[in-house]
Amino acid sequence: MEWNPQTLQNLSQCFLNTLSPLPEPRRAAERSLSEASDLPNYGLTILRLIAEPSVEEQTRHAASVNFKNHLRSRWLPPADSSALSPITPPEKEQIKTLIVSLMLSSSSPRIQSQLSEALAVIGKHDFPRHWPALLPELVSSLQKASLVGDYGSVNGILGTANSIFKKFRHQFRTNELFLDIKYCLQIFTHPLEEIFTNTGSLINSASSTNIKPLFECQKLCSRIFFSLNFQDLPEFFEENMEKWMFVFNRYLSSNFPALESTEDGLTLVDELRSAVCENINLYMEKYEEEFKIYLEGFASAVWTLLRDVSKSPSRDQLATTAIKFLTTVSTSAHHALFAGENVIKEICQSIVIPNVSLRDEDEELFEMNYIEFIRRDMEGSDVDTRRRIACELLKGLAANYRGQVTEVVSHEIQRLLSSFATNPGVQWKDKDCAIYLVVSLATKKAGGASVSTDLIDVQSFFANIILPELQSHDVNSFPMLKAGSLKFLTMFRSHLPKPFAVQLFPELVRFLKAESNVVHSYAASCIEKLLLVKDEGGRSRYVAGDISPFLLQLMTNLFDALKFPESEENQYIMKCIMRVLSVAEISGEVAGPCIGGLTSVLSEVCKNPKNPTFNHYIFESVAVLVRRACERDVSLISAFETSLFPSLQMILVNDIVEFLPYAFQLLAQLVELNRPPLSPNYMQIFLLLLSPESWRRSGNVPALVRLLQAFLQKAPHEVTQENRLSQVLGIFEKLVASPSTDEQGFYVINTVIEYLDYGAIAPYMTGVWNALFTRLQNKKTIKFQKSLVVFMSLFLVKHGHAHLVDTMNTVQPNIFTTILQQIWISNVKLIMGAIEVKLTAVAATRLICETPALVDPAASKIWGAMLDSLVTLVSRAEQERAVDEPEMPEVLENVGYTAAFVSLHNAGRREADPLPDIRDPKQFLVASLARLSAASPGRYPQVIGENLEKANQAALLQLCSAYNSRIV
Amino acid sequence: MADDGSAANRRDPIKSSVGNVAGQRRRQQAVTVAKERRESLVRAKRLCRVGANGDDDDEDPHVENEMLIDEDQPVLEAQTSKAVEELKSAVLYQGKGGMQKRVVALRELRRLLSKSEFPPIEAALSAGAVPLLVQCLSFGSPDEQLLESAWCLTNIAAGKPEETKALLPALPLLIAHLGEKSSAPVAEQCSWAVGNVAGEGEDLRNVLLSQGALPPLARMIFPDKGSTVRTAAWALSNLIKGPESKAAAQLVKVDGIVDAILRHLKKTDEEIATEIAWIVVYLSALSDIATSMLLKGGILQLLVERLASSDSLQLLIPVLRSLGNFLSVDPKAMLTILIGGKNTEESVIGVLAKCLRSEHRVLKKEAAWVLSNIASGSIEHKRMIHSTEAVPLLIGLLSTSPFDIRKEVAYVLGNLCVECAEGDTKPRIIQEHLISIVCGGSLPGFINLVRSPDIEAARLGLQFIELVLRGMPNGEGPKLVEGEDGIDAMERFQFHENEELRVMANSLVDKYFGEDYGIDE
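These protein sequence lines map, in sequence, to chains A and B. First residue of the first sequence? That's 1 in the UniProt record's numbering, and the numbers climb one at a time after it. First residue of the second sequence? That's 1 in the UniProt record's numbering, and the numbers climb one at a time after it.
Next comes chain A alone, as it looks inside the complex:
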């Protein structure tokens, strides 16, 4: 791409059009930009456009966003095989030379921040080794800018440095990493300290005007400090710790009224303070010994600060980082700082309780964004909430002062509850606070299935505090207390005696009708989790009979709850539907409305699939309903077909990518439940299945294979007509050729071997073997060899050794013996899985006892080797035999499809044992050997003695005596 006025003009117009509200010009512009981005030097050209002062700012801003995204997708060659061409090395070099000065000279902060992000993208890959010029350039610009007091540039540079140093966090230590850090320390620490110290004195002396950028600068310095100190304590910072800590402490213990009087200003100072808290927390965690002399000063500064911050409704980030620091101290060797009289009480009252108390923000979130509220409240999302962190502090203190903490907290809980009792309508938040404390301070137990606590007596707390809420007639009153109580019940569910809980079920069903999204979600979630509670021994505590009295009401309320605004795709409700359907007694009376409800939801989401979790549970629900209803009454299948076909067809016809794998799995389930002959509807789908078009998307492959297997099993006759089998085998050949799909290929061919007559497959066997041997030659992974052994074994037990040997040898004379020696014998001992072990053991037994080529005395070495491997297989535990494949070269390909494919648990295939007549493969082995040896006495003991490992000889002897057989 060449730089000239024409290009400038065209590109500018394009970028302007991308901002257009009209779809037509916008799409056209996006299209032509995406085409242009394949041209060489596209990135460089955009960069020049961004630098062109004559172009309007909004155009340049659009260009800078585009530039950043361009680098993101093309700086490195793409990991997948997508067609994006990477940026060439010469262009990269030029971009790297230009970008720093361009970013710094940019007059628009919006553009500057885009360029800074673009720079970080490059830094992530190239810095420092492939970009040695960057850091010196930043340092010299930093020094120039700071000399003239240009804090706009200073902060731009520090911001950039901050983003490129972030990669030093969260990595495992390696020499390479440390070399990189060392390099950065050498160049950057002195200038960093200089600017930090100078800015510190400026803040001290500065008049009230314009000190904001100075605080911004200190914040960035502190963040950089964090990155550079993350892995280890650098010598420089150890030597100069005093200077840094002195300034850090000042920011925690001083007030800056000039800034803090405005909301913006307070936020900025608090950001700096949070950064400081993170730094001292890091030092406390990792470099306690060197840091300890500063500890007391910081602890008291943070404590004082927190008393203030805890009262304030905003200031969340500072509150959480500061509390975290105190938590770290409380669990460290220096916890004695908290040992003084009343210290814990004081902390609890002035820090913990104020932070746990509900704030307006919490109420707002509860009402406006129930999903986020639940994520934070119930699911431990990545956002550290003040409430949770405050409880962490109590837990930390309890590590060394359990008695005191328990006493103080119990007392606080009582106080809160009596405050509530005096005027429930007004003081309801106190009760919420008490419930939150109890729930959060409990120790989590298995499965989140329960918790335990020594703060309160669970049973009486439940009866006196929680139960009244749950029995309240008005499901819509005080919704946050209802939610808290439901959460309590969920958390302590395994503590509740069954009769008690059974009485509560109808109350929970009632709460599904609550208008609050959180409340009906928690009610659904609670029911769902109760149904999973297990008693000792793993038996479910609640069974179908426990919910049958109100099952219809429950299902009605669940489907009705999906009609509340915002809850149309409520995953908690859908998950509950799935769970109930997998526990309840599914009579026709229940099945009808349920399938109706589910299909109407399904056809709705087909229009615009949004929430993958919700969608997954719909399909799971359908699958479990179909499965369990048909188990009771298979005649229901046609009713299900009638309901489901329209939705399934819509998915196939409209090619709804997200749902295709689910649709194929449901279809497979329906096919398996059908009795032949299959209706023409299905056969249409079968034809669709055979077209190569269907197999193009790798995400569909596992589900398609699953469906193909179902057809092969249920309609073998139809499959063999009109040359369809060769199409099936074509699919098999494609799949088996690649290590990422070979397993799927074997599923296909194994099903063919298992369910089709030999006459039908005989003509194709040469082709099958050819495909397998070609693959073996190209890529001989252990997984493939094991699959091949399973396949050959299946073939042998189904169609006999003669067919096996003959068809293999048509590919190449004597190849059977080669494969036997090189693949079969060495891999049979690695086979895993009960069905597979049995199959391969029986096949190998028949091989050595029936196949003339092996019974021949001339083959006694091979015979012995096979028996040796076979004895290993049957006599040793799986973990002793297992061999890990050294390296899976094509991991990436694999990742591609597993990410897209989600298996439906309830539509899973039942693995059938191909050898139902043989119960015990060991017995089969020794009996066959005994029979064989009886025919030529004296011969086999010698072969065994010469060819089997000592341990295996002993194991074989033991097997013989166990089954009362003898090898003579």
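Hints are supplied without guarantee of correctness; some may be wrong.
[Unchecked claim] Calculated pairs, DSS-like style, for lysine-lysine (alpha carbon to alpha carbon, straight line, at most 27 angstroms):
1) A:K607 to A:K534
2) A:K429 to A:K311
3) A:K783 to B:K479
4) A:K534 to B:K479
[Stated by the list, open to error] Not everything, but these chain A residues come out facing chain B in the computed CB check (under 7 angstroms):
5) E194
6) E285
7) W303
I should point out that these hints are in silico values taken from the structure, not numbers from a laboratory. Here a beta-carbon is modelled for each residue, glycine too, at the ideal position from N, C-alpha and C.
Based on these hints, arrange chain B on the given structure of chain A.
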């Protein structure tokens, strides 16, 4: 390094996690950004306050007394400038008695540079001392003059980085006087100056190497005793300390060096042994050839004997670190320890336990690190450690000591619980050890590590939790872990930025504490 397992970890985080890390021996990382702990005990640069020979001030009996007087720094600086001026005129002076004049002037300057903890180096440099001192080092000068100049340079080089760099013009002559032709005191003083320069940093080390400082310095440690050997050994250890390995590689090629090292370690002189042991530390960390030559020479036995017989902190640190290095590089070294003598390993572990009990953090940490390497050896080694008092000691340290020691201790305890026999692809849990270590009260300590921001420590904690979950009998594991609030600790990784840890923690929670997806299997 951690890279070994990363591909496998992606495939199956749980299975491979334990074998790849807990069972691994670890060499001390060659690249560090942290302060070298050695310096807090033995400085990389040393001021020469009393003559190298300790007895050269016979003609100036008040020196000792005078040193106690706290002269004002400005006075000292003025005197120094004046002394340099004197030296200048002495050097210019061509007449009779010139040599005597120079020596007197040099001695005065040296006296001023030696009398305080904070010598007036800046004053000397700005008065132009270095070119004059270089001139005084010229070939053929009398020993006394050489000695005094080298001494001045030694103390200048003990200063700040830029002051050390000021010695650059003097280096060729200082190195030249290291040779066999020089008298022992002169060679020693020159090696001291060179040692200070080498202690400054990699750049100056490279200059010294390119000017050929290493071979003569190496030969200076051949004699059996004397302060010369000690000083030269110290300088040599500064010169080879890396992180680049070329100096170490060059040193092994010097004929007779390995013998000399072994000989000094055998002798009783602890001070020399200390400096020699530091040479061994760097050799064993940086050169595989040196490592195998020293092992062949039987160094392990010597190190173990030193550990048993010495109480000197200065000596124990490098000896421990060398021992750990050898054990981390060469599995056969373990075997040597095992066969080396009936009860040797008991005494090794006994001595390491002694270090663990010491008040010194560095000693504790090094001892734990060595133990972690022994603990990753054969089952016999694991049993050996497990049967001693070291285990309760370690469990105690896991809950009470500073972070860096806790982390090392966790490696030891983790290694004791898994066996990774030759040819095995998956480590087996040694249940007996696991049970006793868990029952000894180690689980809270490991769970605490999971909460640490340190990535390695967190991984170690997770790996141990995995062992507990999988390996404690009667399915007790999950109950123990949940009792110590381990679920909560693991759930913190739900959204962690480090993928490996995130996957590990999430799959552990899913596998052992997850709810059954289906209900009726």
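So, going through the hints one by one against the coordinates:
no. : hint             : result
1   : A:K607 to A:K534 : violated, 39 angstroms
2   : A:K429 to A:K311 : holds, 16 angstroms
3   : A:K783 to B:K479 : violated, 36 angstroms
4   : A:K534 to B:K479 : holds, 15 angstroms
5   : E194             : violated, 17 angstroms
6   : E285             : holds, 5 angstroms
7   : W303             : violated, 22 angstroms
When held up to the earlier numbered hints, the structure conflicts with 1, 3, 5, 7 and fits the remainder.
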